[in-house]
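Asker: Residue numbers (the numbering used here), protein chains in the order written: chain A, 1 to 318; chain B, 1 to 318; chain C, 1 to 321; chain D, 1 to 321.
Calculated from the structure, these hints are not laboratory results. The beta carbon of each residue, even a glycine, is placed where N, CA and C say it ideally should be. Heads up, a few of these hints could be off.
[To be verified] EDC-like mimics (lysine to aspartate or glutamate), calculated; alpha carbons at most 16 angstroms apart, straight line: (1) B:126 / B:191; (2) A:234 / A:5; (3) A:126 / A:211; (4) B:126 / C:248; (5) A:234 / A:224; (6) A:126 / D:48.
[Claimed, not checked] Here are a few chain A residues that sit away from chain C, every Cβ distance over 10 angstroms (derived from the structure): (7) 26; (8) 31; (9) 70; (10) 141; (11) 143; (12) 155; (13) 223; (14) 229; (15) 233; (16) 256; (17) 265; (18) 278; (19) 306; (20) 309.
So the chains spell out like this:
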Amino acid sequence: MSAGDLTLLRLMLQARRFDEQVLRMADRIDGHHHVSHGLEASAAALGLVRHEGDLVATNYRNHAHLICLGHDPALMLAEILGRPVAPQLGRAGSMHLAAPELGVLYTSAMVAGGVPQSLGYALALKRSGAGVSFCLFGDGALEEGVAHESLNLAMLWALPVVFVCENNAGEDSPSLTAVAEAHGVRAAVADGRRPREVVSALRDAAGHTRDTLTPSFLEVRSAEWPGNAAFFPKDVTGPTDLSAAAAQSGSPWYDADDPVLAEARELLAEGVPAERLQAVEAEVTAEIEAAAEHALTAAPASASLAEVAHSDVWAARP
Amino acid sequence: MSAGDLTLLRLMLQARRFDEQVLRMADRIDGHHHVSHGLEASAAALGLVRHEGDLVATNYRNHAHLICLGHDPALMLAEILGRPVAPQLGRAGSMHLAAPELGVLYTSAMVAGGVPQSLGYALALKRSGAGVSFCLFGDGALEEGVAHESLNLAMLWALPVVFVCENNAGEDSPSLTAVAEAHGVRAAVADGRRPREVVSALRDAAGHTRDTLTPSFLEVRSAEWPGNAAFFPKDVTGPTDLSAAAAQSGSPWYDADDPVLAEARELLAEGVPAERLQAVEAEVTAEIEAAAEHALTAAPASASLAEVAHSDVWAARP
Amino acid sequence: MTETVPYWEARARALARCLDADPSVVIIGHATSAPYNSDDGIRDRYPDRFLTPPISEFAVLSASVGAASAGLRPCVFLGTSTFMYYGWSAFVNEAPHVRYLSGGQVSAPAVLHVLAGARRAGGVQHEHTPQSMLQGIPGLRLYTPATPQSIYDVVVAALTGDDPVVIADHVLLGETEGPLDEAASTQTGPLELLRSGDDGLIVGSSLMSQRSLEAADSLADGESLSLTVANLVTLSPSPWAEVAELAERHPFTVFVDEARGPGSPASYVMSRVAEQLPGERLRLLCASETFYPFAPALLDEVVPTVGRIRDTVLAFAAQPR
Amino acid sequence: MTETVPYWEARARALARCLDADPSVVIIGHATSAPYNSDDGIRDRYPDRFLTPPISEFAVLSASVGAASAGLRPCVFLGTSTFMYYGWSAFVNEAPHVRYLSGGQVSAPAVLHVLAGARRAGGVQHEHTPQSMLQGIPGLRLYTPATPQSIYDVVVAALTGDDPVVIADHVLLGETEGPLDEAASTQTGPLELLRSGDDGLIVGSSLMSQRSLEAADSLADGESLSLTVANLVTLSPSPWAEVAELAERHPFTVFVDEARGPGSPASYVMSRVAEQLPGERLRLLCASETFYPFAPALLDEVVPTVGRIRDTVLAFAAQPR
Ligand SMILES: Cc1ncc(C[n+]2csc(CCOP(=O)(O)OP(=O)(O)O)c2C)c(N)n1
Ligand SMILES: Cc1ncc(C[n+]2csc(CCOP(=O)(O)OP(=O)(O)O)c2C)c(N)n1
Ligand SMILES: [Mg+2]
Ligand SMILES: [Mg+2]
């Protein structure tokens, strides 16, 4: 990225505005949903580092990943609302959002569910030469044994997987790179509150994997967003306001932890005029508002609810 | 152990003679069975280090463990032969041999099956103060994710488990202590071809666990016995002969890898007369021969085969 | 003394009773509140008997099996039933064998509480009916209570019996109110009658019994059909003989199950009833053979609703023999 | 051209055919020989398409699901069926959802081959019938072939179809000889008729069909009872409608299953047949409700033997209507 490039900021802000919209609509959303507040740096890095052909395994906390990969926020919101709108038709909901055309074939909502599947993606990609596999998971996934099996298997079979652990367990929590290293996987850490560091660390990890066709591991350490604390997320910090980047806001979250404002501050420090930031903000805000509108009005599938519920279960027999 | 003490040799030789007997009876044994050739050092160490009240989780390759803990070889052989002799009644076979009175409540034959169960033993023992839990598993168990979960959980809950990894993956295989250490578990290595080193390392690990009520990990590295190579074990090295300890036997296994002969050599080097070794050998040989005889003739349960097959499934209702 | 209490409170009271009565009872689970879990208040009374697990289902379930073998009475509250798949081997291929392989010397009475069925908007991966997979494991007791009294009895039976147990509970039962008599016998019978009538029998389990009850009440009011509704409190060991006895006394029997048909507990009971009582009029109403989709409007096309149960029973009652 | 070949050879030939035909087929498994596995010779022909896995069932099964989603056709030979419990979630709660959640855009046709049932002296933990647990998973095809022709057809169908598949195979079928026509249609029907007769029908699956065939042959010789024997090649999607059609044409139907009764595939099919054909004479013969014990003499008290099938059918045939 060259100085004054607002791409990174825009990606992160799109993800943030999207989740703010989700939180505003919470009373219309059935069931659980997880927002990505505070994890936007790894999501944006994914969007910037992924090549066409690369596959991505995300998890239940996938909104920012999909937004930054370029998925349509209107389709995502329609799905989160459970509307019978193609392609996911309200069968998936927030936790299973996917976008095959962007490399997200399927999203498992089990903790560590996508981790070993990403090895299979890598196996296929290694044979086809079409790319590498990115695998994003929380620190909790490393409590699951299958994540350890996966690190080991990726080394044994020399699979091109970029493991990205989004660690929001808190400042005092131990680093998780030792676990990857115990299996011989090359590991690094980046600070999720410093988005540019995350982008270059992911670029480096992905480069290693592309060059050697072997796995790499990146731990991105972020603060947990305080709104996640309850059973359902609540927007306790209020909507993000880029103009707060110019000064201390008084909110510990925004002042110290938020990667979006951190990147805004970097840009201001580079001499980018505040107006350009505001212009991006206005565009993104409008974009998400339009998406919300569209999500509510998009035409439902012509099939009946019964048909929607029962189709795509079995393959058409050959 | 004081100089000239033959206890360690006797334990290991009992285990060896037992498995030699199993191999001789192979054509009468249905199904798979696993012998402990080459792993006798950790088994004997277990027998020497276990306190009354301690619990033990072993695995499908359990013969030496049970012999060294003091289990009756006649009962074990009867069970391996599938005879309906109490207590296991031919329902268990070789892979599920157990002896609750010696701390072996149940034996899982799944790879790593006993590892997390040993944490439960430790939880109960920590509350009762009755002892610690020993958990024995092969190097293969560390390919299973649940073993990693168990190392982590044992630390988190501060459980008194002594993990003993019997690593027979070969000289060039990597050490597995890094995996334990990645979870913060205190780890050490011992050479399974040097039985005295194994005994003191296990004593040390168990001491740590008893003192701190936290886990410890001991990797015992042994050569794989060549007879294990096939689908069913075959006695390719021929019966163990302690008199071979006095000179090179010409067999690479006996000369370099066998812990039983290694201990015999230590004793000879200490000045123990060869006759004392021969006397122990004769006693053990006779003991196992008598056990084989008894296994074949011991009275079967008075219940019918149908009753044996169907009892102890459900608890008697309260 | 009989009181009217919500289902989740009955569950919590049973747990409290067991913790009070037996110091070997330990609870493993997270501090999420009713209706998901049932530790309200009790956790504070016995802080050292509540263990917080990492997200390591296999190790945690297996540790509970080991703890039970060594004399504790662990009860794991796992939350969503599908998390159990990560530790499937523990209750399916370890715990039940302990007594059998020790010739009766050791038992492993570990208790696992999971939330099964479709909770609405849980999504395809969180909504399952593992009771279909668990009913054929010898030595593993499997319960599907449907009322405050039966969840109470089941928790007490689980934590005082000597078998490993899975309680397949249901989020949507949490707020159901009903009578509870804590002093009544906690000897859990395999069937609980929710209402009685002469015109036909509906046999359900868990939430489906409450829905069947609602359907039966409406058929009594609207169609003068007087039905018996029975809940299968116990799925394993199978209660088929008791159901056959009840079915024999009714002109027809409709089985309602939230599981898909193949492997559903209802279908097994029905097959044995059919074998025992040839010619008996039997009908099986299950979830249709698809996933439980996320959107509630889609889900209602899949699992038996009160309306679908009502229509099915009414149509079957009207059919000529 | 029809030849007579052993079962395991038919399996190996089907695999070879698929490897020859489709470069995306990869085999994940250990190099153990027939009857356990089926890679004899083929491994040498395609060394780079055989992957040796560590003992990490969960990661390996899940990786196969991911590989299938990304366009490969992985076939995992896991050996003993219970090892699958370590990776239960992969085929039960991941693979089947891929098409449904992508609105038909992506499929995950991973194939898993396991050795189910009681192989004799495998022990309580190695001998299970997970087909009972797998029949209710929408989108997951489940096969239980019983002849060289049907294992051949099933392997080809699995590796050319677009659904995830579990093949519940049986060690004791390995040496069974039978006709194989490699050129015949590989469109797998859900039922395979092993013999035909008018006096009654026996429906089995996997090894139980071969045992039923033996029993039927002996009843034809000794008791002049002329029976049809059908194997359930497909357990899921359920073949109950086809079975009902066949049952209707016979005076009675005996279902034989190596699984315990509760949750057994046979019991589900029987429940639907009973619903469809009230009054039909139906009998269910399953393993008794205990474990499969180690000693073969004990095991024969538990699973249906040729003798027990024969006696059950003979007694049922003789019963007054
Ligand atoms: C196998 C499994 N167990 C439990 C859960 C319930 N669960 C959902 S999110 C979560 C916490 C995950 O923590 P982490 O991986 O750190 O992700 P974060 O929520 O912090 O992004 C849990 C336990 C699940 N979805 N899957
Ligand atoms: C869950 C599971 N997967 C696979 C097996 C089959 N199996 C039995 S022993 C074994 C090898 C184990 O290796 P290791 O732990 O090193 O023990 P060793 O045989 O060397 O003593 C395997 C794969 C099993 N019993 N359980
Ligand atoms: Mg986290
Ligand atoms: Mg080994």
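Asker: Of all the hints given earlier, name the ones this structure violates by number, lowest first.
Answerer: 1, 2, 4, 8, 10, 11, 19 and 20
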